[in-house]
Amino acid sequence: MILSENLTKKYGSQVVLNIEHLEIPKGQSFGLVGNNGAGKTTFFSLLLDLIQPSSGKIVNNGVQVNTSEAWKPFTSAFIDETFLIGYLTPEEYFYFIGELRGRNKADVDALLSQFEDFFHGEILGQKKYLRDLSKGNQKKAGIVASFIGNPEVVVLDEPFANLDPTTQIRLKAIIKELAAEQDITVLVSSHDLSHVTEVCERIVVLNKGEIVKDIQTSTETLQELETFFGG
Amino acid sequence: MFKHFIRLQWKSFFRSSSFGKGIALKILMVFLGLYLLISLVGAGVGMYFILRKLVPDVSPMWLISQYFVYWILIELFLRYFMQKLPVMDIKPFLSLPIKKSAIAHYILGRSAVSVYNLLAIFFFVPFAIVLIFQGYPALNVLLWVVSIGAITLCINYVNFIINKSDKALVIIGAIIVGLYALDYFGLLPVKEFFGPIFHGLYAYPIAVFIPVALAILVYIINFNYLKNRIFLDASLKTKSQEAKTSDLAWTKRFGDIAPFLQLDLKLIWRNKRTKAQVFISLLFVFYGLIFYTQEIYANMMPMYAFLGIFMTGIFLANFGQFIPAWDSAYYSMMMSQNIPLRKYLESKAGLIAVSVVVMFLLTIPYVYFGWKALAVNFGSALYNLGVNIPVILYFGSFNKKRIELDQSPFGNMQGTSGTQFLIMLPVLGLPILIFTIAYYLFSVEVAVIVLSVLGIVGFFFRNYFFDKITEQYRRKKYGMIDGFKEKNS
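Residue numbers (my numbering), protein chains in the order written: chain A, 6 to 236; chain B, 152 to 640.
By construction, these hints were calculated from the structure, which means they are not laboratory data. It is possible that some hints are incorrect.
Simulated coverage check for chain A against chain B, where a stretch passes if three residues somewhere in it have a Cβ under 8 angstroms from a Cβ of chain B [to be verified]:
1. 54-65
2. 71-85
3. 92-105
Result set (BS3-like, lysine-lysine): computed pairs, CA atoms no more than 30 angstroms apart in a straight line [claimed, not checked]:
4. A:132 x B:638
5. A:110 x B:494
6. B:636 x A:213
7. A:140 x B:378
8. B:251 x A:140
9. B:417 x A:132
Just so it is clear, CB atoms sit at the ideal spot from N, CA and C, and this is done for glycine as well.
Pulled out of the complex, with its shape left as it was, chain A reads as follows (with noise of 0.2 angstroms):
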């Protein structure tokens, strides 16, 4: 599904991520973990086209990402709190993304309705336009709208930081709901290592802008991870 070859991002003589070959195949739960400045976000906006790569290139599908717009239609992306547009409500911007990602009213709704859980009442109908919105809730809300119209790519960047314990527990139940349907590829990136073993069956390590380790998840993947972060 997303093939990455020979790519390298440079600001000037730093070479901030540098990944030779990377394949995630189409329906993979995929995580990214790594410390800070090592490359994840990077990765993310490369692969949305929002920087350009010094090098190389990302195909997505079949479409490389900074020659053809046409992996927008089937990819999504929450990657910050930039990604929400401040004075929508969080319905006219569910309803907004909806519309361009061809869903009608209805069709938002019934997507919403799924994650009523997941909202804990502080979402929908809540009078207050996004940016009054707590930075826990703006998260959600930005999740969320990442699963409208169907994607077959979404990506998540640190999706766990800034939510509360049980919204924590209840994403990570969402996520690995959509990584169980064969076709939705997910891309999440993340610095709690525990809660990106439970959701990935594949977790690339990043250090300084390199593939440090590539594993696909087992029992004894969490041990690993600490002993490589923790030596």
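Here the structure of chain A is known, so what remains is to put chain B in place on it, guided by the hints.
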């Protein structure tokens, strides 16, 4: 303690990113500031002689005292918009071992040296110096200046008390208009009533204690109020307004661009800066009154062209020059979403086009000043629609400065860079130049026709232009995303 605060203040000023903006903008700001200062000092110096000349048999001091009450009220009214108590800056200090009273004193003390207070000083001190040279008793004049300073501080602190409610603004506005009307129609001698009171400040030097005492009193009230409210949830929290959901169903008839149109309308209506932009643009309809009514401009056709382009295109210029920076806060989302860039641009163009038509309709009454005014405005509107809309969208692709939508628009230079000044040349200068040349070579009629035809031609090439502009936005995409991420100030 205050030493620390002042040092921090100093750093925040010199390290603020607005200070580090482009050199051209900086120079412009310095010139504007100097110009304002010099005009104030000049007005202060000249005021004595002007008043002497206008009303030779009354002492200027007496005259100026009569208008004091209006000065105070109008300044209160204006400050309501301009000046807010700078409470947000103290958040980092709350958890540090600093007494709350020290913080309160600091906030209030800092506001005393604000620019708004200096304005009055720069006007009244030169005025007072002239008075002394004209033989007014020095002691009286000096203490009078002290009184003025105290009154300014009173205004400063009263503003913070009343700033919390919109009602106060309406009341002050009503009082200003009411007093002036009463005075004007001779129902109540307002000036004669307040004149002696303020003149007393000069005539009886001992009276200086009254404004000083008042200033101290207002300060103490403010201090007590503030000290008890230095909590995150009380005065520091910015109020969030209740959201009104609207689906703007009528936009559906515009087809593909409907979602963007809805977004743009909400953008304009729900954010301070954009909303003010609309009101300012509407006010500029009256701009014509300044020129059409004056004899000198009656036959100055290039001036008509300027007014036409300017009045019908004011929203085009004000709003258009910052496209797409209005969406800067969430631009990376827009760029990774399934968005046809062209529809996005067409929606903006549609909105501006509507504004041009509305502004033209509003200027129709100027036909009172002759058919030429109407004809020129019509030609200008067509030119704006056909040529200036694509031009301003094209130049928008050079925008790389982020705009925070919920900040006040007054004196807000956010998002401004050299581009904005460059845009004005082709948008405003070119049509006036074309008009002027056609007018002097042929006639007004021809000049209007030339503008109109250019507009219509531009309209026919609309598709071509939009293809090119979309291409340009695509090319500049990465730079824009990068630039819009940089938060300033």
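Verification of the supplied hints:
By the rule of at least three residues with a Cβ nearer than 8 angstroms to a Cβ of chain B, the coverage given for the stretch 54-65 of chain A holds, with 4 such residues. Taking a C-beta to C-beta cut-off of 8 angstroms, the stretch 71-85 of chain A contributes 6 residues in contact with chain B, enough for the three needed, and the coverage statement holds. A count of 10 residues in the stretch 92-105 of chain A with a Cβ less than 8 angstroms from any Cβ of chain B is obtained; the coverage claim is therefore met, three being the minimum. With a C-alpha separation of about 28 angstroms, the suggested pairing of residue 132 (chain A) with residue 638 (chain B) holds against the 30 angstroms cut-off.
Of the supplied pair hints, the one linking residue 110 (chain A) and residue 494 (chain B) holds, its CA atoms being roughly 20 angstroms apart against a limit of 30 angstroms. Between residue 636 (chain B) and residue 213 (chain A) the CA atoms are separated by roughly 23 angstroms; this keeps the pair inside 30 angstroms, and the hint holds. The straight-line distance between the Cα atoms of residue 140 (chain A) and residue 378 (chain B) is roughly 29 angstroms, inside the 30 angstroms bound, and the hint therefore holds. A threshold of 30 angstroms between alpha carbons decides the hint, and for residue 251 (chain B) with residue 140 (chain A) the separation of about 28 angstroms falls inside it, so the pair holds.
Taken as a hint, the residue 417 (chain B) and residue 132 (chain A) pair is honoured in the structure, with Cα atoms around 15 angstroms apart against an allowance of 30 angstroms.
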